[in-house]
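Sequences listed follow chains U and C, in order. Numbering-wise, the numbering used here puts 235 at position 235 of the first sequence, and it's gapless, one number per residue. With the second sequence counted from 1, adding 297 to any position gets you the numbering used here.
Do not rely on the hints blindly, as some may be mistaken.
Said to hold, decoys possible - Cut-off 25 Å, straight-line C-alpha distance, at most; resulting in silico cross-link-like pairs (DMTMM-like, lysine to aspartate or glutamate):
| no. | chain 1 | residue 1 | chain 2 | residue 2 |
| --- | --- | --- | --- | --- |
| 1 | U | Lys72 | U | Glu62 |
| 2 | U | Lys102 | C | Asp327 |
| 3 | U | Lys231 | U | Asp246 |
| 4 | U | Lys72 | U | Glu158 |
| 5 | U | Lys241 | C | Asp480 |
| 6 | U | Lys231 | U | Asp67 |
| 7 | U | Lys102 | U | Glu193 |
| 8 | U | Lys72 | U | Asp246 |
| 9 | U | Lys102 | U | Glu257 |
| 10 | U | Lys192 | C | Asp327 |
| 11 | C | Lys477 | C | Asp417 |
| 12 | C | Lys503 | C | Glu531 |
| 13 | U | Lys231 | U | Glu158 |
| 14 | U | Lys241 | U | Glu158 |
| 15 | U | Lys72 | U | Asp264 |
| 16 | U | Lys241 | C | Glu531 |
| 17 | U | Lys241 | U | Asp67 |
| 18 | U | Lys231 | C | Asp449 |
| 19 | U | Lys102 | U | Asp196 |
| 20 | C | Lys503 | C | Glu481 |
| 21 | C | Lys503 | C | Glu486 |
| 22 | U | Lys286 | C | Asp417 |
| 23 | C | Lys473 | U | Asp246 |
| 24 | C | Lys477 | U | Glu8 |
Keep in mind the hints are simulated off the structure, nothing from the lab.
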Amino acid sequence: MNDLARYERRRRIMYGWMLLSPALILLSLFAFIPSAMTFWSSLFSRGTRRNPSEFVGAGNYELLFADPTFSKVVVNNLIYAGVTIPVSIIIALAMALWANSKIPARGFVRTAYFTPTILPMIAAANIWLFFYTPGLGVLDQIGALFGFASVNWLGRPETALWAVIIVTIWKEAGFFMIFYLAALQTIPPDLKEAADIEGTSRWTYTRRVVLPLLMPTTIFVAVNALINSVKLIDHLFILTKGGPSDASKLVLYYIWELAFAFFDRPQAAALTVMVLAVLGVTAAIKFIILDRRTHYQ
Amino acid sequence: MSDALKSGQAPLYVMAPKRSFRPRLTLALDTFGAWALAIVWIAPLLFAVWAAFHSTSDAVNFNLAGAWTLDNFRTAWDGAPWLRYFFNTFLLVSVVLAGQLVITTLAGYAFAQFQFPGRDVLFIIVLLQLFILPEVLIVENYAMVSRLGMFDTVFGIGTPYWASAFGIFLMRQAFKSVPKELDEAARIEGCSWFGVLWRVYVPSAKPTYLAYALVSVSTHWNNFLWPLIVTNSETTRPLTVGLSLFGAPESGVNISVISAATIMSIAPLLIAFLLFQRQFVQAFLRAGIK
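So here's chain U without its partners, still in its complex pose:
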């Protein structure tokens, strides 16, 4: 009997590992080994025919810090994150509050908010190109009606990054809305009734009752928006290619450019390591601090 139990236990251990092995092999091949390799190759110089690659320690990182494009790209990405995250959240919240209120044609309103979410970034960029083109673009035409001069929105360093930011917000706000909408629908109606009987103003009710109850959703949305601010760069390929003079270049685009346009893999690796470090810190904050009350079991 004891033997049988031990046999059964060993069998379950074996099955457990067997079931997990395909996932573990793939995760190793395309996530863990590449992460380790990225770190490793960031420590070596770029090999050329005459100078073979050699160990340089933090050399690539020093080069990056001395590279003016690097600081430009980091600042751009901080602005990109700093604007898209809060603005998307606020718009998403407004959308959800409206899409949840008893207005006419609510179905149309919800669809209108959500539809940009399911478009590819490339398609969104093509659509917005139409708005930004100088002279012929929709924005310029509207501007012309009010007597403004033509503006090359994508071609001027002062406006290019903002043009990119607007497309990102347009794309992601409707997605975040659905999470707020779902959360709003779980708020018990008695709370609203109680607030009405007390004569609480709508603003106070929203600020003191609704927003605190939506806090977990806000955290979830904020983490997603943060991840988006690293990975949503597809539209750069259509709209600006990071230009003019790096004014709209973001970190991931620069990684792509270093690796696949300038063929400087060690620099790209060093920059990737830094992005992974930032994401790692985000993950740690999310799991350790924000999810303290969440139980996975």
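On the provided structure of chain U, position chain C as indicated by the hints.
Relative to chain U, chain C alone:
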């Protein structure tokens, strides 16, 4: 007034006139705000659709009376191998989804129902991948895919997404909610572990599978950066990459034709979304809120 206050009904009486007017005003303001934002939000897409059906000169001059035409679609269609791109994208999302379903089911089952040493540590390691974005690892993943001889193949684009930590997590949650009694009953009936998985767990997780499938298909239909890097021929390039090449300024096509090409390539997903909107939204919700 002070008499009325004592009567107990006073608060209702005092508030009555306020109540009849304020809600109507708020509703009007809400409606105005919600509609204005909705129109602003959908306008770019509607405008692109409208422009796709008009000549460039009508489109850039806002000539609302301009004649409707299919010329842009004809020009766009002849300008690139779209049928091939559609097929490539279709094949890509199928390969990605099929692989994901098998791998995340097996791993989710192991994490949910098997006790073995090291399981919880492994689970945390898998969750780490949620933050090691595949997009960020493009350089080394490119090297890995080339090393495995999968450069410029549909598997080269697809396999890195198979072991999705997010999918494993979803499946584990779904399988955990299956009552243990059902599992034991099936085992007593003589089902093997695979039989139990196939007959008990998989059917009970149907809504999760549907949600995951919708999220996966729409993600990979739209994915761009990674396919751009690992493809270099017409025979593997998906729609998004084809569209970006077609719209590149160097190729010199005009804005109405670009709109037509854009509308064409988003049409399948857009129509599916408009038809099954509720399911799509539910899917994203189910996938997001764990």
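When the structure is checked against the list of hints, which entries are broken? Sort them ascending. 5, 9, 12 and 23
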